[in-house]
Amino acid sequence: MMQTNTRLGILLMIATTFIFAAQDSISRHLAGEYNVFMVVMIRYWFFAAFVITIAARREGSVRAAAATSQPALQIGRGLILVGEICVMVYAFTLLGLVESLAVFTAYPLIIAALSGPILGEKVGWRRWSAIGVGFVGVLIILQPGVGVFSPAALVPLLSATLFAIYGLLTRYAARRDSTATSFFWTGVSGAVAITLIGVWFWEPMTLADWGWMALLCLTGASGHWLLIKCYEVAEASAVQPFAYMQLIFGTGFGILIFSEVLRPNVALGAAIVMAAGLFTFWRENRAAR
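Just add 751 to wherever you are in the sequence shown, counting from 1, and you've got the working numbering.
The set of hints was computed from the structure by calculation and includes no laboratory data. These figures come from a predicted structure and were not determined experimentally. By construction, the Cβ of each residue, glycine as well, lies at the ideal position given by its N, Cα and C atoms. Certain hints may be false.
Beta-carbon label-pair distances, calculated as ranges [as the list claims (entries may be wrong)]:
1. 961 to 1003: 24 to 34 Å
2. 923 to 980: 33 to 43 Å
3. 909 to 883: 14 to 24 Å
4. 958 to 873: 48 to 58 Å
Below, a list of computed lysine to any residue pairs in the SDA-like style, where the Cα atoms sit at most 25 Å apart [unchecked claim]:
5. 980 to 999
6. 980 to 916
7. 980 to 931
8. 980 to 969
9. 980 to 926
10. 980 to 873
11. 873 to 1026
12. 980 to 995
13. 873 to 919
14. 980 to 1023
15. 873 to 1023
16. 980 to 922
17. 873 to 884
18. 873 to 1025
19. 980 to 813
20. 873 to 925
21. 980 to 773
22. 980 to 927
23. 980 to 755
24. 980 to 887
25. 873 to 1012
26. 980 to 808
27. 980 to 766
28. 873 to 883
29. 873 to 923
30. 873 to 928
31. 873 to 891
32. 980 to 819
33. 980 to 1033
34. 980 to 993
35. 980 to 930
36. 980 to 762
37. 980 to 965
38. 873 to 1032
39. 873 to 755
All chains, full assembly: derive it from the sequences and hints.
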């Protein structure tokens, strides 16, 4: 029987967010030099191989892992996720890591807002209040109506929305499919879709950048492996708040590596979004109990 180890789970979540932040940094570099579709395509090839291996090991065979009574839903999830990744990597090239990740932290609030119409969950006034406060934080980050505002700032918000929809559909799929099955379809359907697009945008890469690409693939696989281990040893409600560490690590990489600047409005807005998100997690955990 699996024993719960919350302290280990928190450490694994922090390690996961550090690796994902490093992955974002490598993606920002490569997407700045090569086409986004090609970068995501190569990354997905490795990710699909990793997913197939893990899912088959858990279910006993690839056939068992792929067995689902809702293939359209599973394929749709995979397509949404690969689309979200393409949008987010593109956002890195437009806005950098700091501002893109600051806006992306709104995805838990979008999940809370859409959980009613998609999953039929009840959204009370406290959750709506947190959602409203969180989006005030997003507006502070985006600064609409001022001279420096650019439509490019909406790109990471689109990515956050797509990721929220993906998360809700994953919860919906979990009602009838195992985690291994959903994991399998996430990698395979996404890899097929991005390959059909990415091969048309192939560009020759330098040897050094092939090294970065290999590291990108390794960080993706290791990050997901750590995340799986994290949820195996601790409850999601206990470790999920620490997922916000990715914003902190990503901001650090953006400032130290890419000489980005953390503007006061971005710091304030991100803090508000994080506070609203943490309150939402707390309310969901309390309601579940």
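- Taking each numbered hint in turn, which are not upheld by the structure, reported in ascending numerical order? Checked against the structure, the hints that fail are numbers 2, 10, 14, 24, 25, 31, 39, while the rest are satisfied.
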